[in-house]
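Listed below, chain by chain, are the residues.
2 protein chains.
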Amino acid sequence: MNQPSIPSSGLRGPADHDIRDQIIAAANEHFSQYGYAKTTVSDLAKAIGFSKAYIYKFFDSKQAIGEAICTHCLAEITSAVEQAINVEGISPTERFRRLVKTLVSTGVNLFFNERKLYDIAAFSASEHWLSSQVYDAKIKSFVLQIVREGREAGEFERKTPLDETVESIHFALRPFVNPLLLQYSLDFVEEAPALTANLILRSLMP
Amino acid sequence: MNQPSIPSSGLRGPADHDIRDQIIAAANEHFSQYGYAKTTVSDLAKAIGFSKAYIYKFFDSKQAIGEAICTHCLAEITSAVEQAINVEGISPTERFRRLVKTLVSTGVNLFFNERKLYDIAAFSASEHWLSSQVYDAKIKSFVLQIVREGREAGEFERKTPLDETVESIHFALRPFVNPLLLQYSLDFVEEAPALTANLILRSLMP
Numbered sequence: 001m002n003q004p005s006i007p008s009s010g011l012r013g014p015a016d017h018d019i020r021d022q023i024i025a026a027a028n029e030h031f032s033q034y035g036y037a038k039t040t041v042s043d044l045a046k047a048i049g050f051s052k053a054y055i056y057k058f059f060d061s062k063q064a065i066g067e068a069i070c071t072h073c074l075a076e077i078t079s080a081v082e083q084a085i086n087v088e089g090i091s092p093t094e095r096f097r098r099l100v101k102t103l104v105s106t107g108v109n110l111f112f113n114e115r116k117l118y119d120i121a122a123f124s125a126s127e128h129w130l131s132s133q134v135y136d137a138k139i140k141s142f143v144l145q146i147v148r149e150g151r152e153a154g155e156f157e158r159k160t161p162l163d164e165t166v167e168s169i170h171f172a173l174r175p176f177v178n179p180l181l182l183q184y185s186l187d188f189v190e191e192a193p194a195l196t197a198n199l200i201l202r203s204l205m206p
Numbered sequence: 001m002n003q004p005s006i007p008s009s010g011l012r013g014p015a016d017h018d019i020r021d022q023i024i025a026a027a028n029e030h031f032s033q034y035g036y037a038k039t040t041v042s043d044l045a046k047a048i049g050f051s052k053a054y055i056y057k058f059f060d061s062k063q064a065i066g067e068a069i070c071t072h073c074l075a076e077i078t079s080a081v082e083q084a085i086n087v088e089g090i091s092p093t094e095r096f097r098r099l100v101k102t103l104v105s106t107g108v109n110l111f112f113n114e115r116k117l118y119d120i121a122a123f124s125a126s127e128h129w130l131s132s133q134v135y136d137a138k139i140k141s142f143v144l145q146i147v148r149e150g151r152e153a154g155e156f157e158r159k160t161p162l163d164e165t166v167e168s169i170h171f172a173l174r175p176f177v178n179p180l181l182l183q184y185s186l187d188f189v190e191e192a193p194a195l196t197a198n199l200i201l202r203s204l205m206p
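Those protein sequence lines, which keep their order, are chains A and B.
Following full-length UniProt numbering, the numbering of the first sequence begins with 1 at its first residue and continues without gaps.
Following full-length UniProt numbering, the numbering of the second sequence begins with 1 at its first residue and continues without gaps.
Fair warning: there could be bad hints in the mix.
One copy or any two copies: either way a pair holds, since identical chains are not told apart in the list.
Stated by the list, open to error - Cross-link-like lysine to any residue pairs, in silico, SDA-like; alpha carbons within 20 Å at most:
no.: 1; residue 1: 140; residue 2: 191
no.: 2; residue 1: 101; residue 2: 164
no.: 3; residue 1: 52; residue 2: 113
no.: 4; residue 1: 159; residue 2: 201
no.: 5; residue 1: 140; residue 2: 188
no.: 6; residue 1: 159; residue 2: 194
By construction, these hints were calculated from the structure, which means they are not laboratory data.
Required output: the full structure, derived from the provided sequences and hints.
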């Protein structure tokens, strides 16, 4: 067993970072093969070749490891969305279309094409882990940004309270945002994103 | 064991109807206690006091019994919706609001407050049973009826192809229509129906 020494102080150096990443990568691999629910920290420890106690120096619980994996995975989606929408010279309407399209394609790809992450993401969503809450808030902030910009540009209506508009759009996007719902929307991922984006954009017309 | 005689001809009289209903009622009771998946036709037969062979004279399979239960349950929802929207003198806008509200309240009540029917309805939805398809088609026909009426009255816009409008609204209502999605929307049943109805109605504005 290969167990690097841990600094006795509370401070963690870059080496600790590497070990955390190593545990996360191995856990990710293990979860994807055996499922998150069925895997214990002991299983993980055995598979990685660390002691259970050693893993607990870096993570408080199995959930903490799951959270780290989930945070990473959901950040991949939000950064793909960010990249797609933050392009100079496109209209708020086009930005919104890209938001929906990228959300769906990245989500489907990450959660279902490899099926690696669905398990953990589903846990995160159903048990309202922080990673899910952060993801949800991030998507909502993208919606807010686009709606605000569209209103300022005169492209979207301004009669409805901004909060209500954002809240209702955020809810309308749930079947694409939340992996638990997305699993039942897979038959619709070809047509529904464009249909939904169009419906929402019609609701935003001045 | 109480086994009424079966007419030897293929024709079924009213007595057969009663027996079918008796089997359905008993199965419903049994499924709600032990779950649809775990119950076999043998379990059912024992519980009802009929022979398995006798049950098979009335239903081809366990699924056929489940279908009958589901059809009945989903018909309760559609008839509640029908009653709520087919009121003289209300506008298409008001009709649409009632459609959404009644869908959610009746669905939540039937599927979750007693939790009796969720199991079977979830099976029906995930395996695309005929009962689910009929239910889905019925909801869509309500949407079509209201949109068409609103267009004729000049209350709704007419630029978008009717098919697209209906399809996109039908999809937007899925989190309330489909029990598999509804189970993950229970935290939202207070506010989301009105928010969603408002968003859709804004999208319909001329």
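### Query
Is the C-alpha distance from residue 140 to residue 191 at most 20 Å within one copy, between copies, in both cases, or in neither?
between (23 Å within a copy, 17 Å between copies)
### Task
Indicate which option fits the pair residue 140, residue 188 if close means a Cα-Cα distance not exceeding 20 Å: within, between, both or neither.
between (22 Å within a copy, 16 Å between copies)
### Message
If the cut is 20 Å between Cα atoms, do residue 101 and residue 164 qualify within a copy, between copies, both or neither?
### Response
Result: close only across copies, 18 Å inter versus 23 Å intra.
### Task
State whether the alpha carbon distance between residue 159 and residue 201 is at most 20 Å within one copy, between copies, both, or neither.
both (15 Å within a copy, 14 Å between copies)
### Query
Should residue 159 paired with residue 194 be assigned to within, between, both, or neither, using CA atoms and 20 Å as the limit?
Close across copies (17 Å), not inside one copy (25 Å); limit 20 Å.
### Message
Please sort residue 52 with residue 113 into within, between, both or neither, judging by C-alpha distance up to 20 Å.
### Response
Neither: 32 Å inside a copy, 43 Å across copies.
When each numbered hint is compared with the structure, a violation occurs for hint 3 only.
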